[in-house]
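A.B. asks: Going line by line, the protein sequences match chains A and B.
Position one of the first sequence corresponds to residue 1 (this note's numbering), numbered consecutively onward.
Position one of the second sequence corresponds to residue 1001 (this note's numbering), numbered consecutively onward.
Hints are computed from structural coordinates only; laboratory data are not their basis.
Check the hints yourself; a few may be wrong.
To be verified - In silico EDC-like pairs for lysine to aspartate or glutamate, Cα to Cα no more than 20 Å straight-line: (1) Lys260(A) <-> Glu1097(B); (2) Lys1013(B) <-> Glu159(A); (3) Lys260(A) <-> Asp304(A); (4) Lys260(A) <-> Glu159(A); (5) Lys305(A) <-> Glu159(A); (6) Lys305(A) <-> Glu363(A).
What the hints assert, rightly or not - Calculated from the model, a selection of chain A residues having no Cβ within reach of chain B, i.e. all distances over 12 Å: (7) Asn4; (8) Phe20; (9) Ile66; (10) Arg120; (11) Glu252; (12) Val257; (13) Leu264; (14) Gly321; (15) Arg354; (16) Gly376.
The beta carbon of each residue, even a glycine, is placed where N, CA and C say it ideally should be.
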Amino acid sequence: MSWNRVAVVGAGLIKFGELFDQSYEQMAAGAFAAAVDSVDHGFEPSQVEAAFVATQRGTLWGQEGIGGNTVPSAIGLAGIPCTRIENACPSGSDAFRVGAMAVASGVHDVVLVIGVEKMRDKSAEEGLLARAAAGHPIFTRGETAPVLFAPFATRHMHEFGTTREMLASVAVKNHYNGARDPYAHFQSEITVEDVLASPSVCSPLHLLDCCPQTDGAAATLLVRADIAERFTDHPVYVAGFGVATDHPYLHEKSSFVGLKATQLAAERAYAMADVSPADIDCAEVHDCFTITEILDIEDLGFVDKGKGGVASLDGETSLTGRIPINTSGGLLAKGHPIGATGVAQLTECWWQLRGEAGDRQVELRHGNALQHNVGGRGSGVSVINILTTNQP
Amino acid sequence: MSDVTTPTEEWTKPLPTPDDVNRDYWQAGTEGRLLIQACPHCGHRQFYPRALCTSCAGEPEWLECTGRGTVHTFTIVRQMGMRAFRNELPYVVAMIELDEGPLIMGNVTDCDPESVRIGLPVEVHFINAADDVGVPMWRPVPAR
Ligand SMILES: [Zn+2]
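Sequences are here, hints too, so could you generate the full structure?
C.D. replies: Set out below in structure tokens:
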């Protein structure tokens, strides 16, 4: 495969949370400023040649639906080419992939990828549930977001003996990490007992097995690798990416103990980056629910199929474990502002690979970090990006 | 033919809107018959009704099911904001493995939600949401 190498020279985000006092455009401006400020040798906003904006739910809210149009103006760059990317929960990671391709193709030298999402301005009944009601009529049987993952937990427990304590250990770890991430929505540690005692939402998932609804924005700056030294002495490169689709709806899954879209996307990303799961130092994966992280670490090849629960309980995925997962706190603690989520995960990978993750810093052995999202009405799409400090 | 119930109260859940592809499916439900699709070209069987076979893009034909299946996996929903569903909490959303092969998503009714297990044999029954829309539901097969 012949493509121009791509470097990430800046990344940043705004504090995630319930941002009722910030507008969509203001959040975008905050994330862009954070990314610009992070560039070691300085960066002039006018250097941005093109931008890709990830916002998933714009059609529900209003002018976010034309975020490709409103965001450039909001960040002082009206005039540049800008396109909104929507691809379900992986919207942010897919915008990053598209931005990387814009540089890799040679069309642009400097590209902004920005994810922005307001989740809290409307009530759940007007927002997520309104969308559920508008869902496919044949399947609208009282689905909620947890219904899209809880049946996987039921089946994983049935086939592999996974326990609720194992599920809970994922939430405990990610809240521990979130307590060390100043950008996380939730910043306090919890215990296994807290998770087990929280209200049942959708068996076997309880409240603390679920991610919150969070507002947020994040941005990254991508440049052609051969000009990266103008911006930084510590570039991080795009090693590869993978995208895959599956049939969209829940009952069409070929398995309820793994996600085919993730498995396919992983094959493609590892092949493009020419690395294996053992070469990854840390990963930010899609933990919208605790069971999702267990499926992810199996589907991404970090542990054998069926062993994700045991590995989590045994601490293999903790900050000091064999393969640290969701060092930022993940969706469970940092939050899941959909379009911003993937870009924020990539920001965490960028910090980790540059040794700038503070109390959350992991040991770097290979210089590779992986970022993953999966989503849709029944996990019908997955996007994976792999970053590296190894010179291409 | 399976049981068909016409509720006395108004249907307040999302109401399916029959179109050219699924009109026969919804109509069959009002007659107590469950239809899936089978592809005459490659043999693939699929649910829900679609214009094309999801395996070979051929044109599928209707296949009438026995209405029997087993629970492949499920969840008991205990929190739901939409009023029409909230009134029924807790309820079961299950993936039913049809005797004919495909999975179908549905609610398991007429039993204690806590009694639902993977492998539970179930049979279809229908509730009329409108004159031309019969919605399939599932309940445990009665012990003989
Ligand atoms: Zn076919």
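A.B. asks: Give a verdict on every hint.
C.D. replies: Going down the list of hints, with the structure as the test:
For the hint pairing Lys260(A) with Glu1097(B), the CA-to-CA distance comes to about 19 Å; that is within 20 Å, so the pair holds. A threshold of 20 Å between alpha carbons decides the hint, and for Lys1013(B) with Glu159(A) the separation of about 34 Å lies outside it, so the pair is violated. A C-alpha spacing of about 15 Å is found between Lys260(A) and Asp304(A), which places the hinted pair at or below 20 Å, so the restraint holds. Proximity of Lys260(A) to Glu159(A) is assessed by CA-CA distance (about 17 Å); at most 20 Å being required, the pair is judged to hold.
Distance check on the hinted pair: Lys305(A) and Glu159(A) sit about 11 Å apart at the alpha-carbon level, within 20 Å; holds. For the proposed pair Lys305(A) and Glu363(A), the alpha carbon gap of about 25 Å is over 20 Å, so the pair is violated. No Cβ of chain B comes within 12 Å of the Cβ of Asn4(A); the nearest lies about 36 Å off, and the non-interface call holds. Its beta-carbon lying about 19 Å from the closest one in chain B, Phe20(A) satisfies the requirement of being farther than 12 Å from that chain.
Every Cβ of chain B is farther than 12 Å from the Cβ of Ile66(A); the closest lies at roughly 28 Å, confirming the non-interface assignment. A cut-off of 12 Å between C-beta atoms confirms that Arg120(A) is not in contact with chain B; the least separation is 14 Å. With a cut of 12 Å on Cβ distances, Glu252(A) falls inside the contact zone with chain B, its closest approach being about 7 Å. Distance to chain B contradicts Val257(A) as a non-interface residue, since its nearest Cβ pair spans about 9 Å, not more than 12 Å.
Every CB of chain B is more than 12 Å from the CB of Leu264(A) (nearest about 16 Å), matching its label as outside the interface. Gly321(A), annotated as away from the interface, keeps every beta carbon of chain B farther than 12 Å; the closest lies near 29 Å. With a least CB separation of 41 Å from chain B, Arg354(A) remains clear of the 12 Å interface cut-off, as annotated. Taking the minimum C-beta to C-beta distance to chain B, about 15 Å, the non-interface status of Gly376(A) holds against the 12 Å cut.
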